[in-house]
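**Student:** Quick note, the sequences are listed as chains F and E, same order.
Residue 26 in numbering that gives the first Met the number 0 sits at position 27 of the first sequence; the count goes up by one each step and never skips.
Residue 125 in numbering that gives the first Met the number 0 sits at position 126 of the second sequence; the count goes up by one each step and never skips.
In short, the hints are calculated from the structure, not lab data.
All C-beta atoms in this analysis are idealised placements derived from N, C-alpha and C, irrespective of residue type, glycine included.
Hints are not guaranteed to be accurate.
[As the list claims (entries may be wrong)] Here are the in silico distance ranges between beta carbons for each label pair: (1) G108/F x E263/E: 39 to 47 Å; (2) E257/E x T175/F: 45 to 53 Å; (3) R24/F x H210/E: 21 to 29 Å; (4) T11/E x A191/F: 43 to 51 Å; (5) E263/E x R163/F: 43 to 51 Å; (6) T92/E x R24/F: 18 to 26 Å; (7) E115/F x A245/E: 50 to 58 Å; (8) R174/E x E154/F: 20 to 28 Å; (9) K56/F x N98/E: 40 to 48 Å; (10) T11/E x P129/F: 24 to 32 Å.
[Claimed, not checked] In silico DSSO-like cross-links for lysine-lysine, where the CA-CA straight-line distance does not exceed 27 Å: (11) K2/E x K56/E; (12) K56/E x K178/F; (13) K2/E x K56/F; (14) K2/E x K171/E; (15) K56/F x K106/E; (16) K171/E x K106/E.
So you can see what is in the structure, the chains are spelled out below.
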Amino acid sequence: MRIGVLALQGAVREHLEMIENCGARGEAVKLPSGLNGINGLVIPGGESTTIGKLIEKYGFSDSLIKLGTSGVPVFGTCAGLILLAGRVLERRAPTLELADVTVKRNAFGRQVDSFEQDIRVSGIEDEDRPFRAVFIRAPVITEVGPGVEVMAGLEHGIVMARDRHYLMGAFHPELTGDKRIHQYFINMVSRACPGAA
Amino acid sequence: MLKGGVIMDVTTADQARIAEDAGAVAVMALERVPADIRAEGGVARMADPAVIEEIMKVVTIPVMAKCRIGHFAEARSLEAIGVDYIDESEVLTPADESNHVDKHQFKVPFVCGAINLGEALRRISEGAAMIRTKGEAGTGNVVEAVRHMRAITSEIRRLGTLRDDELMAAAKELRSPYELVVEVSRNSELPVVNFSAGGIATPADAALMMHLGADGVFVGSGIFKSGEPGRMADAIVQATTHYEDAGLIARVSKGLGEPMKGLEIGEIDKENLIQFRGW
C-alpha cells in the first residue's frame, strides 16, 4: 500500500516514519506526478499560506481535487485540515474545498498559545486511552455538515473529524510516537482499496 | 510548524507582505537587515516595538524578533508584545559576554545561533526550542553557513559512533551537558530543529544548505538587498522545497537580477566577525 505525504513544507519526515511504522509504504510527493497510483495521501502540518501557495504554483490543485473526488482517502493535519476544508474563515491562500467543514485559522492564538493536551479520540484503537495532542498555532473546526463524524473536541471547537474518506485533525499526531491515528487512516485506506497490499 | 520552510528578514510591513506572498513560513522583524548593521556600525539593539507590532498586524504567519545575547529585559519586552519566537541573536550587539538568557523562564520559544555542536547543545540546555547555524550574517557569502552546518552534522555523526563509556569524555570536549550528549548519540539528531542562516543569498545557496542537512533556512539581507526582492523570495522558497530538483533550481534562478553584492570573509577584520559572539 502506497501512502503519499505532500512534501511542500512541514512535518514530512515524521509522517513518513509513522506510515512506515504502521506497515505501509510512505512516499514524499513534491510534484503532481507523484500522486499517480498512490492509495492514500497525508497533507501535513506546516504553514497553510506557504503550502497553499506552492500547491497553486505547481498546479497541484486540480490533481489533488481529482484525487479526493475519485475516493482516495486524504488525511489533513493542522495546515492540511485548512487545505481540505470547504470553508475557511480569514482565508489567505486558496484551498481545495473538499470536506464539508468550516475552519478557523490560528484559533488558539499565536505561538505562545501553543499547547499539548490529552484528548479522547473516538473511533481509534483503544479509544478510552488518551491521545497526547500537540497544538501548534492550530486551527479548529467551527461547523460541520450533516454527514460529518466528530471524533474529538475541546471547548474551542472540534479538533478531529471525518467526512467520508477525508480525515482531519487540528493537531500534530506525527510528533508524539503514538501511531493510533495513523493506523486509523491506514485502515481507512485498506478498506477503500482492498486490493492493495 | 516551520520545517522545510524559509524565514525572511523584513524591516517594514510592506516587506512582510512580500515575504508572506512569496510563501515564507515566518518573518523576522528587524529595524535594519544584517548587511546594514554591518555597514553602519554602532550598537544594534532590539527593534522598535511599534515596527514589530505593525508587522504582526499585516501577516498571519509567525513573526520573530531579535533580542541581544543575554538581554533578558529585551526578551521580556518582546514576549509582552506577543511575538511568536525570540531570536537571541549575535547579529545584535551582545549585552552579556558570559551569560545567555535563561530561556526556560519564558513561555515564548527561542531560536539561538550555533557554530558547532557544543554551542548548539549549550543553547538547547538553556531552553532554546530551535537552533540555527550562524554563518556570517550580512555578507551574502554562504561559506560560513556551510562550515557551521558541516561541523554540526559531522559532530552528530561522530557521537553516534562512540561507545557509551566514551560519552562523558565527549561531553567534556563539547562543553555540553552529558544528558544531551547521550540523547544526540542515541538519536543521531538534535532534539530540536536546526535551520541554516548567515549568508544565504541565492536559490542555489538555500538548496545547498538543505542538502547539507538543514531543516529550513533563514534569509536575511539576501532578499531585500537584491534587485527584485519578490522574485528572489519566491525562487528561494521553491528551491528550499525542491532542493533535490536541479532542473527546477536552474529554472527559478534564471534572470533574477542582481543578488546582494556580498563580502569576502577574509576581508573582514577578525573582531568584526559576528559568528564569534556567543559562548
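**Student:** Hint compliance check: list the failing hint numbers for this structure, sorted ascending.
**Tutor:** 5, 6, 7, 8, 10, 12, 14, 15, 16
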